[in-house]
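Engineer: What follows is each chain in one-letter form.
Protein chains: 2
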Amino acid sequence: MSIGEKPYIKELFNKTEPYLTASPTLNVNGDIASSKTTRESKEQVPCITDITQYEVVEDHNISQLNHLQHLTPKIYVLNVYIIDVEIVYDQEIRIKVVNELPMVGKYVPPVDILEVYITGKEEVQNFLGDEALTMDIFTPLLNETSRLRVFQRPSKTDRIIRWSPIECTIQELRLQRMFRLRDTIKVEETLSLTQ
Amino acid sequence: MSIGEKPYIKELFNKTEPYLTASPTLNVNGDIASSKTTRESKEQVPCITDITQYEVVEDHNISQLNHLQHLTPKIYVLNVYIIDVEIVYDQEIRIKVVNELPMVGKYVPPVDILEVYITGKEEVQNFLGDEALTMDIFTPLLNETSRLRVFQRPSKTDRIIRWSPIECTIQELRLQRMFRLRDTIKVEETLSLTQ
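Line by line, the protein sequences give chains A and B.
Each residue of the first sequence is one higher than the one before, counting from 1 in my numbering.
Each residue of the second sequence is one higher than the one before, counting from 196 in my numbering.
Chain A with its partners taken away, still in its complex shape (with noise of 0.2 Å):
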């Protein structure tokens, strides 16, 4: 499926801005006290530049992606669980992110482990729009499953790829999980009507 044919793409060609934005934790390669030269050097993060060279891909399995080793032109919408969020600094929101809950009492490999950044001030500002960024906001999505369309950065190093959300807000997450909460009460109630 070509990248065209979604109308979020074509969104998103206006929103590759955030992705020049640094990221701001403090890292070997920057100090966030004094990020404003790393910044405009290696800590750059590139951004989308040709969309149309983007294919979509659905469903696609975590541990796969985690053995990538090359850039691929690819957006992935992933159906997933969020394990876990960290804010790292008020500039950046990391969120882990599996295919299947474990078990209980059981351990999720890091392999299975998506680990999606949010990275710099604006992106993290368009992902909150007008909402605080607390914890509070993303315990009712613990859990729970989400969908997000991920694709590839390289890091500030070059060596590591990282991932970020395209077209990803705390709004879209909480009305993704209102709607499936009314599904899923449609459902009962309809089972409970035929029974």
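If you are wondering where the hints come from, they were derived from the structure by calculation, not from laboratory data.
It should be emphasised that the depicted structure is a prediction, and the values quoted were computed from it without experimental measurement.
A portion of the hints provided could be inaccurate.
As the list claims (entries may be wrong) - Straight-line Cα separation of at most 27 Å, DSS-like style, residue types lysine-lysine; simulated pairs: (1) Lys-106/A with Lys-269/B; (2) Lys-74/A with Lys-121/A; (3) Lys-74/A with Lys-301/B.
Assemble the complex: chain A is given as a structure, and chain B must be docked to it using the hints.
Structural biologist: Below, chain B alone, put in the same frame as chain A:
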């Protein structure tokens, strides 16, 4: 090999207390501003309680470690390259290590990266000794081989396995590097003398 045979394991026994320290990062399960309560409850990181049960395993493959779905009573001795270091809220050091550096222009897939956590003020202090926590102390260690001993701990969410080093200090890592450099010079001198 039984863990009791290694001298550093005996020292470890006196150093388990820091592992009781809570993780200080902002997380869905806790807030740094209100960490006192969470420290005392679910944010506690377990220590190694019965050291004699731990087996020491040499030279392990990181990809295999990232596939582990359960906590194993093993201490893995790794010869690795440090490719990235991150300081989070001055209370956590996260070190990304790989078995082999990627070729120029290539990326390391997440499956081949082990993230090692030094978590909590006490652990960070143990790691630092008299040093101040700045990125500068890590820069010389980047892309250099280091010998780390790591073991698993469950994360605060109890679903994710986190790796932590034991008996690891900045001074030790620096010494390792110094000895390697000295050995390299010795070999070079020997070579030039024999030529």
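Engineer: Determine for every hint whether it applies to the structure shown.
Structural biologist: Status of each hint after checking the structure:
Our distance criterion of 27 Å between C-alpha atoms is met by Lys-106/A and Lys-269/B, whose separation comes to about 18 Å. Between Lys-74/A and Lys-121/A the CA atoms are separated by roughly 25 Å; this keeps the pair inside 27 Å, and the hint holds. Annotation: proposed proximity of Lys-74/A to Lys-301/B holds, straight-line Cα distance about 18 Å (limit 27 Å).
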